Amino acid sequence: MANLSVNFAGIKSPNPFWLASAPPTNSGYQIMKAFDAGWGGAVWKTLGVPVINVSSRYGALNYRDTRMMGFNNIELITDRPLKDNLREIEEVKKYFPNNAVIASLMVETREQWHQIVKDVENAGADGIELNFGCPHGMCERGMGSAVGQDPVVLQTIVSWVMEVAKIPVIVKLTPNISHIQDPANAAQAGGANAVSLINTIQSVINVDIDNFVPTPMVDGKSTNGGYCGPAVKPIALNMVKNVALEPGFKLPISGIGGVENWKDAVEFVLMGSSTVQVCTAAMHYGFGIIREITSGFERYMDEKGFKTVDEMVGKALPQTKHWEELNLKYKVVAEINEDKCIGCQLCYIACEDGAHQAIGLSSDADNRKPHIIEENCVGCNLCSLVCPVENCITMVRRDDGKQHLTWKERTEQGTIPTTFNDELAGGLHHWVPEPADALKNKTLQKN
Amino acid sequence: MSEYKIPTTETEFEANFSAKKPLMDKNEAFYESSRCLFCYDAPCIKACPTSIDIPLFIRQINTNNLDGAAKTIYDSNYFGHSCGQVCPTDVLCEGACVYNHQDVKAIEIGRLQAHATNHVIQNDKKLYTVPEKTNGKKVAIIGSGAAGIACACELRMLGYTVDVYEAKEKPSGLTIYGIAPYKLTNQAVLDEMNYLQKQFGYTIKYNSPIHSQADILKLEEYDAIFIGIGLGNTSTLGIKGENHADCIGATEFIEVLRMQHHKTKVGKKVIVLGGGNTAIDAASEAARMGAEKVILAYRRSKEEMSGYDFEYDLAKKSGAVGLFNVAPVEIIASAEKITGVKFVKMQTVNSKLEVIKDSEFIEECDMVIRATGQLKQVGFLNLITDLKLDDKDRVIVNSKFQTTNPKYFAGGDVINGGKEVVNAAADGKVAAREIHLMLTVDFKEF
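Chains as they are written, first to last, in the numbering used here: chain A, 1 to 447; chain B, 1 to 446.
If you are wondering where the hints come from, they were derived from the structure by calculation, not from laboratory data.
No experiment lies behind these values; they were computed from the predicted model shown.
Don't be surprised by glycine CBs; every beta carbon is placed ideally from N, CA and C.
It is possible that part of the hints are untrue.
Label pairs and their computed distance ranges (CB to CB) [stated by the list, open to error]:
hint: 1; chain 1: B; residue 1: Val91; chain 2: A; residue 2: Tyr63; range: 50 to 60 Å
hint: 2; chain 1: A; residue 1: Ala425; chain 2: B; residue 2: Val91; range: 52 to 62 Å
hint: 3; chain 1: A; residue 1: Trp323; chain 2: B; residue 2: Pro22; range: 51 to 61 Å
hint: 4; chain 1: B; residue 1: Pro22; chain 2: A; residue 2: His284; range: 28 to 38 Å
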């Protein structure tokens, strides 16, 4: 039976699923409810000098009838007095001594950092997370992502914190940077015990096209916010991978970004996260989603034979390479299962207009099932991705598996194309139709 | 046994005839439209007699562009709203939806179409502007049914002055006089008719039947004439007793029902004779009017009925029962009332229908509805010089909907013998373009 408990940089937690520092962790009341529902830990809504928040704070990106595929906010750190939060931290730890309570912090001066670190330690927090990620409101004042984007400043502040911290310190990184490894390395150099990523991505989520103002709207005006939710998961996974694969980087990673279900959580762990933080999904569906995450995650561990979460961490990293290390001799082509095909022809038009014209239609108008023109197929996957039927289009291997040649190796051999019309280019023998052929088939033109 | 009480008020009538395909609200339309796959060369378009770009209008609904969605629909079919509600979508667009191959419920295209068109009709959104100046040419249209009105709309867009001659007092033909009330309300039909007439500005001359040589001669002063007269009364059976007042044709029965609603007189035990969709409709309607027993009697087997399965299922749900392989030989009636129908049992031997000897029996009833097909209006058609009919008395047209008298075009039931509203709407629109070509391009071609 899988053991979900983790020890993350010295912070013990009954499971690797934490609530991220955000509105769901604004109060002791919410966090107690969350622990009662089954969450392993919670990162408290960022503490500091309390702010004043605006009314109207969130915006959502919907995809057809799917609500909140993406989400953004212009809320700042806590607006509640520190003493109230400290008292509540103490009370939560009294009720839930085995759950992880991490205090997220954001202040300006060395003195403030020293004071607030001691305060949360005294309140009984199990760890500290330094909020160097918030991309709106706080960064303009030299905090949040302004720190996360400057590795030198980041390292300095981390070292201030480490001067006094007795409990583990996590540095939360901003994705609003082109090379996430730099602040991660700076955190390690400053003495931090772990990193967490990603914070939200700077964003304008929507524009109100009737009133000519972006959303969320505050008295006719708006501003950029922080983007999160399921849509950001691919960006987060890539950044987690970049940090996890960084040579010399040894700190544990708490993965954050669009986690909604057990599979998302597994993916973050396989890419190098030791714990996973969740916010938007809890804001959308409530704390109850933890039951689905835990049950699915456990079932996965049992099925794959993982006894502990640690065994899973980074399992997909050895297979994650630079592009130049991929095998150029590997060859797959699409295969359509005619029994499953429903004849929507989305694969046809996707390939025809968006890829390599490698899918044909039957000359018999009653037969709507397309077929693969294998000699044109480059194995791009597009058809299988647009197909609405599960496992109808699969990619099947065509090379013999014996040959292996990478761009890196070709570079070393001197067999890469170097001139504009180089015969060594990959597309040299790929069939493409003549431009004027595009006008031959005008069947779609009305009347 | 029928589950319906006899409706005595308009409210009770509406309850008994509640909409089979109720209008969607914005939410339902949004979720339903989200499911559309946006198929390439979509089979639903091909299955639509008017070739509406269905995936496009569904996506327009999904992106909250209802005016655009309605425009897409009306560009192909001027009876967009009526068709959304009355089309047999199960065998047309929705029947062609690829989801059917995946055991997923087909997109409710008809209801989505009605949703978009209802929006523009109820909000009086102007989608079309006819040319300010007419082109000086005039076209007469006989019959304000789907074929005639579609033809009128298209001709107005092309700059013609259009006069529509209608024998009855309301427009839309069978759409208002012949469709089951649970498919489409009178109000919905008239709203769409007003919406169209307001935008396209053709004239309808009501209560203006064309029935003499003199009428025809007057019409021929127009540059072209379109015949969209549909069919006539229900054909007779040629059996004893069928002239009794309580033995009524289905088309006539439905017309009375559409116009008089709960005041329509329906017997306690009703026998409907026929196996087509009109027969099934009449049986459903009699049941909903509170008849205690409704029997749908057909000469052949259930499997051989020309009516759609889903329509028959609806009739059964309404309370009608089927009686198959029986042919009526006599309506048994006294001067005052009908007491029954004498049937003889039938069987099919070597694909030929035969009477089973000595199998006669009497089924009691006090009302008979004949749904045995509509007659063609041959008398009227013979008034027109050189107009030829086929062996089934349908007007013969070429691929341009032009009759054998080149001044006359025709479309709808009068050429096809009785199809859907959507077929008539398709014919009328195409015929208008052909009329335009004839009057503007080259006479010789025709």
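query = Checked against the structure, which of the hints given earlier come out wrong?
reply = 1
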